[in-house]
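Number of protein chains: 2
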Amino acid sequence: MPNSNDTRTLAKDERRFLRDTFGEGDALFDAESTCVFGADAYRNFAPPLAVVRPAGQEQVRELMAWAQKVRMPIYVRARGTNVVGSCVPRPAGVVVSTLKMNRIIDVDAEDFVAVVEPGVITGDLQKHIEKQGLFYPPDPASVKISTIGGNVATCAGGMRALKYGVTREYVLGLTAVLPGGEAIHPGGRTHKNVVGLDLVRLLVGSEGSLAFISDITLKLLPKPESTASLLVGYVQLEQALSAARAIFAAGILPAAMEFMTRETLAAVGKVMTAPWPDTTEAALLIRLDGSRDALAADLKRLKNVLEKTGPASLDTGLGPEEEEPLWEIRRMINPASYQIAPDKISDDITLPRAKILECLVKIREVGRGAGLTILTFGHLGDGNIHVNIMHDASDPQERGRAVDAKERVLALTLSLGGSLSGEHGVGLAKAAHVHKQLGPVERRLMAGVKHAFDPLGIMNPGKGW
Amino acid sequence: MPNSNDTRTLAKDERRFLRDTFGEGDALFDAESTCVFGADAYRNFAPPLAVVRPAGQEQVRELMAWAQKVRMPIYVRARGTNVVGSCVPRPAGVVVSTLKMNRIIDVDAEDFVAVVEPGVITGDLQKHIEKQGLFYPPDPASVKISTIGGNVATCAGGMRALKYGVTREYVLGLTAVLPGGEAIHPGGRTHKNVVGLDLVRLLVGSEGSLAFISDITLKLLPKPESTASLLVGYVQLEQALSAARAIFAAGILPAAMEFMTRETLAAVGKVMTAPWPDTTEAALLIRLDGSRDALAADLKRLKNVLEKTGPASLDTGLGPEEEEPLWEIRRMINPASYQIAPDKISDDITLPRAKILECLVKIREVGRGAGLTILTFGHLGDGNIHVNIMHDASDPQERGRAVDAKERVLALTLSLGGSLSGEHGVGLAKAAHVHKQLGPVERRLMAGVKHAFDPLGIMNPGKGW
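Protein sequences appear in the order of chains P and H.
Quick note: the first sequence, position 157, residue 157 per the numbering used here, numbers continuous.
Quick note: the second sequence, position 322, residue 322 per the numbering used here, numbers continuous.
Chain P with its partners taken away, still in its complex shape:
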């Protein structure tokens, strides 16, 4: 095991190795230039011993061979959009930024694959391939700023997961460099593959704990011709959830089905003119996709279903331009939330669908008990609810109530058969809670799997399970 305290420093020859391998400009040591690599969007900080920026596979292999030899903790990261502290270098170690490994190596409109380095921003990749009529569905909210490497490491989800599934479903193959420097290439360019154990999907979502993922082969789909969206407001929360049920019962599987409850609507209402009446308790934001004529038929059908659910408002957008204002509302949730309080504890619990209403009502009670506003919104379609506990962290007493509220929300989630995370992962934020969801035998197996990849425990230690 690496040193689990933070007293480790970089020996002279260790520093020399990093400088020689990566060059002056891409091996950083001083606190001023390394400190921004010590935190991610979870805002928890630990000082990196060094930051290096490999430019290609060969440097990655050298780094990983060296790290194993000197038992140096390795923290792979890109844009640091992770919200659970998965990128925080604690215990002390070397942070590896993938941002110089940002080539789109290949996009093949016949094979329907893209081969990319981990530092490519997912939104950039999407724009690039969509010009060729190709489509990469996973769309985490961070898609414009997060990288594909991070998306793969966390098995990122997003709005379109309802119809298209999560990142896991789109990784056909990858190169992973193990501690010690050996590289494996499980999977490949074929859309199906069942030869041997599924190392590809084992690496997807492993939060940097097994190996350094140094290139990724993604499955692409034909790009649907068009999209259409609906924003539907209800004066009762129950109505919104009944509407979701009615949509599914009609055999409709939307590309996305987001929702916001009254606290979230109120926050958004503070930063923009809301298209829903004041009495609105919950809103659904639904997107369909498909070919233009089929979409028109589907939209009509969906509206017929929704009109029977007693909506207080119904706005429709046909095609990206008309839809944009509706999705702008969804994107405004995060900035708007800070109108409520300066700090948040955010969770992305996931529930069996039938338990969503009960959970939302009880989360509201938790907020009331704590004297805090809790925003709930997210991916209703797959039961993945974002819970933002708004508070002022500079008030220790309020911070304590917020932390306590988080504990209650997580306990509630597990009592309803839910999962502590649907797409963010464990990181530091949930490390102390994992044993409540995973049994000791499961965790022992995970440790055994980890040991097969990383026997000395140098890959992103201190996180996860």
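Please note that a few of the clues may not be correct.
[To be verified] List time: in silico DSSO-like cross-link candidates among lysine-lysine, alpha-carbon distance up to 27 angstroms:
#1 LYS131/P to LYS163/H
#2 LYS144/P to LYS127/P
#3 LYS144/H to LYS270/H
#4 LYS436/P to LYS450/H
#5 LYS450/P to LYS436/H
#6 LYS131/H to LYS303/P
#7 LYS163/H to LYS163/P
#8 LYS163/H to LYS144/H
#9 LYS308/H to LYS131/P
#10 LYS69/H to LYS12/H
[Said to hold, decoys possible] Taking CB as the label site, the calculated pair distances span:
#11 ALA31/P to ALA431/H: 50 to 56 angstroms
#12 LYS100/P to ASN304/H: 43 to 49 angstroms
#13 CYS35/P to GLY439/H: 38 to 44 angstroms
#14 GLN57/H to ILE145/P: 43 to 49 angstroms
#15 ALA11/P to ALA447/H: 32 to 38 angstroms
#16 THR279/P to LYS303/H: 47 to 53 angstroms
#17 ARG245/H to VAL36/P: 43 to 49 angstroms
#18 ILE145/P to VAL441/H: 29 to 35 angstroms
#19 LYS436/P to GLN132/H: 29 to 35 angstroms
#20 GLY23/P to ALA431/H: 44 to 50 angstroms
#21 GLU407/P to ILE104/H: 35 to 41 angstroms
#22 GLY439/H to THR9/P: 33 to 39 angstroms
#23 LYS303/P to ASP106/H: 30 to 36 angstroms
Source of the hints: derived by calculation from the structure; they are not laboratory data.
All values reported here derive from a predicted model rather than from experimental measurement.
Just so you know, even glycine gets a beta-carbon here, dropped at the ideal spot from N, CA and C.
Fit chain H to the known structure of chain P by using the hints.
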């Protein structure tokens, strides 16, 4: 490791344990009653030491505790539809039939999950849930006779994989009983879950090599309102492949896109009246699904695309009744193949899509060189091609040519960046070839993962990687 020779016999106390645990009727020992459990559809046989039929979780745990203690190889199976010999009990051990564990425990139209025991026939489950407007997409050709446990163990694919993905995408959670009798319950009823390493997908497709999967929680979708199918014939193979490209380029992702080349069409033509002209070199069989009105629009659009590809014939079926004769053709391939020769070696290679034409042409050359008819057909959409090398195995010289042709096809597949199996798995049939696809480090990692689950190597030994 268990004895790797086949000389092991059952000790008296071992026999007694099995009889006491499962009762007279469900612990079989004599050759007459156990012999049918010694083979699967691969038609390779090894005599079981015993066959037991657990009726529930408790018996499974007792069995697995005992098996670990006495280092007894355990071969879990159901209907034995496996075509690569994954169910063959060699080295000698105990075969466990899951056919008495065939309860549909729960179908929940709100959660959109089904909880089932492994012995449920997948087609029966589908019929059962479709009555409630629910949909379980994976549809291996064996769906009416194979079980969900086997489908999970092999990560079964099927026709609808193109649009809906494979079995892996639908397993939300499961119970797995480890050697030693401990049970784990990774995953659950939530549609998303990223807490810890992905043990669920590691078990899916593991071909019985890690643990006994004793119940399964499946993700369900809303059932599409209707379906439509097209059968399109071409006088050139290239045209059929161009047509597939044109469909994708138009942004259409069919639910299924099957194909048959001339050898397969000729075989089918021997057992039924073919709807295509004699000059047909290749045919595509395409299915769309969706709501009725959208489907009409999509079908029109698809026809517009296809009319520009110069088809020699085009038959359409709207709704299950009209479609049935078209899909009957697809189902007739297997029985029709025996009109060509009494035996087959079958493979399910998978290729990067752009390599399909080259591969088909070269497989034909392999057949010509061997003086054998090779049928090619299958899941064009995801590059998963079934290759049936027809021959008369009673002629040793012809059998030799068939075996040699198989070697050539597999080498060709790998040279084109393909995979040895898209959905059948490795089993016995490909065990000797796996090292050509998987590198030594990958195989070492797989062995490490296996060791974490099954340290004594009692789970389905002698197969796989």
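Which of the listed hints are broken here? none
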